[in-house]
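Spelled out from the first residue to the last, the chains are:
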Amino acid sequence: SGDTGAMDELELVDYFKTQMRENEDVASAVAAIRTLLEFLKRDKGETIQGLRENLKAAIKILSSVDSSVAVSSGGELFLRFISLTSLEHPDYSICKKTMIDRGELYLERISASRDKIANLCHAFISDGSKILTHSSSRVVLRVLEKAARAKKRFSVFITDSQPDSSGLKSAESLKKLNIPVTVILDASVGYIMEKVDLLLVGAEGVVESGGIINKIGTYQMAVCAKSHNKPFYVVAESFKFVRLYPLNQQDVPDRFKYTAEILKSAKNLAEEHPTVDYTPPSFITLLFTDLGVLTPSAVSDELIKLYL
Amino acid sequence: MATALAGRLGRGELRGSGEVAAATAGLLRRIVAHGRWSNAGELLQLIRAESRRVIAAEPSETTVGNIIRRVMKIVREEYSRLRGRGEEGDQDSLHKLLTSGGQSEDLSETLAPLRTNVIEAVNELLLELDGIQDNISVQALDHIHSNEVIMTLGRSAAVEAFLRDAARKRSFQVIVAEGAPYCQGHDLASSLSAAGIETTVITDAAIFAVMSRVNKVIIGTKTILANGGLRAVIGAHTLALAARHHSTPLIVCAAMYKLCPQFPNEENTVHKFVSPQEVLPFTEGEILCKVSTYCPVFDYVPPELITLFISNIGGNAPSYIYRLMSELYNPDDHQL
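Protein sequence lines correspond, in order, to chains A and B. Each residue of the first sequence is one higher than the one before, starting from 1 at the first, in the working numbering. Each residue of the second sequence is one higher than the one before, starting from 1 at the first, in the working numbering.
Treat the hints with caution; some may be incorrect.
What the hints assert, rightly or not - Calculated Cβ distances over 10 Å to all of chain B for the following chain A residues:
#1 R34
#2 A57
#3 Y92
#4 C95
#5 A148
#6 Q220
#7 P246
#8 A260
As the list claims (entries may be wrong) - Among the chain B residues that face chain A by a calculated CB cut under 10 Å, a handful are:
#9 E266
#10 P303
#11 T307
#12 A317
To be clear, the hints were calculated from the coordinates, so they are not data collected in a lab. We treat Cβ as the ideally placed atom computed from N, Cα and C, and that holds for glycine.
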């Protein structure tokens, strides 16, 4: 792979996959932003327009590898970052240098975002509480880790989360932290709801209305929680904020609902099972992000401040 | 300086949040004027240290903490303005994360006019605090119409002024729930009828029964929490649920210094209990050893039960509270 030449499609995909493989712990959006920053460094163009076009193509390629909302939101954020920086410096070479410096700084900042969120959120877990969580989320894991280190006693119920049983993996990590954890069936969420004190889930994407896109099963958990009056907390980093405004489940674009392989190979998408669903903001109590504790109505404010 | 105010708070000499707010602002002005500090960073540390003593005297009086946070934001603003930085807003936002070149605000520069500027700004704040009651009451005519039936609970100074102001031009009825066990509703009722308003006192148990005939519910509160919920006098949650059941709008009259950056489920939320003497007097005898009696002072009202907040800056929905908070306080000061 040429160090000095611009990245072509194969190199791009390779770099992205290496990033994801080497740091299991890092979010896919961060890996995408890191890849795009590397792409920016090696880009040979001389104009902002050319750069934007190349970046857009690169983001499309990355989405075809990993079709989650997070990669898309990371890519859009990077594009916006380019636009904002280019407004400040009309000269391309100074602009490019500023972009690279700021990009590195941004990556440094967001690598600390999970800790920031854990600091905010663990105060809401009181001694003796029972927490219900869904599937596997690295941010939720960090929050629970922080609460355990603060010597709080709590127990966790975690759903198995079909079709990939990702809940089991999280349960193993929690057991290693000596937190009492019970794995339950996805179907037992209603049954267990009367026992739990609060719900805590991560998010793959946070939409403009303040709702979230997360692993399938989150919506029904939220509906059940609302009917039992249990608080439903979401933890998500700020780079997951995405400019979508779905009004119902159908509005979430198909490209986010299915994995990249299925999108390429399936003959009839209507016969495939979606892997994500949309939870409207009326079911969410609070969102914990690295920008602070937000009510769902505050999310659109943040997005407007950035994009307008 | 702080110990004197802490003493007054502890002894309960200050009646009502308005007096507490004015006293706290006065204390802070004295700290700024006479305290020993050379730059903004030291001033903020000094304020924090003094404020801990005052807050410890009466933790449920959140107005103290709120005014302190307000003044700390004033200090930061004046400092930025003197350094020529202007007011970009120091909130973390996505935009700021992406575009800022660097480090957080450095507060250690010594600027000569800072002391006088901050004192001037605190004086403005004191003036504002003086006029708050009027700013709220002047909106009364927009919300209360003739021949309406208004319900309220206990005794709130803001609601009293609000209703009296509306009574100058409109004729309406007020139903006051007494708010056992201290029954401050009785005092409110006498004050309102002295102003010529037709008032009825009801017991707390009758709230639901009477609610179908009520057009609006107007209450005051001790604290407005960061999610738009309230910490109000005990019985407020019941009142709010009854209002929601009958689809009656619930209006909260409260000044902006009641807005607190705390969330209701955080680990250090304060619940205040007083002697259950009023509920189960000591003269009851034997039964006292067999029964646990509690007399909480405050109640939590969730934001979805509230229709409108009327404050000195106008009417706002509970979902907008996060925005007001970001304008009033700096996130670094949320934890004092």
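Do the hints match the structure? See the list:
Distance to chain B confirms A/R34 as a non-interface residue, since its nearest Cβ pair spans about 15 Å, more than 10 Å. For A/A57, the shortest C-beta to C-beta distance to chain B comes to about 22 Å, beyond the 10 Å cut-off, and the non-interface label holds. Under the 10 Å C-beta cut-off, the non-interface status given to A/Y92 relative to chain B holds; the minimum distance is some 18 Å. Chain B leaves A/C95 outside its interface by the beta-carbon criterion, the shortest separation being 13 Å against a cut-off of 10 Å.
Under the 10 Å C-beta cut-off, the non-interface status given to A/A148 relative to chain B holds; the minimum distance is some 15 Å. Remark: the non-interface label on A/Q220 is consistent with the geometry, its nearest Cβ contact in chain B lying 21 Å away (cut-off 10 Å). Even its closest Cβ contact with chain B, about 19 Å, leaves A/P246 beyond 10 Å, as expected for a residue assigned away from the interface. For A/A260, the condition that its CB be more than 10 Å from all CB atoms of chain B holds, with the nearest at approximately 27 Å.
For B/E266, the interface hint holds, since its Cβ comes within 10 Å of a Cβ in chain A; the closest pair sits about 5 Å apart. Interface restraint check: B/P303 against chain A, minimum CB-CB distance 8 Å, threshold 10 Å, status holds. Because the smallest distance between the Cβ of B/T307 and any Cβ of chain A comes to about 15 Å, over 10 Å, the interface hint for this residue is violated. At about 9 Å, the closest approach between the beta carbon of B/A317 and any beta carbon in chain A falls short of 10 Å, and the interface hint on this residue holds.
Consistency with the previously given hints fails for number 11 only.
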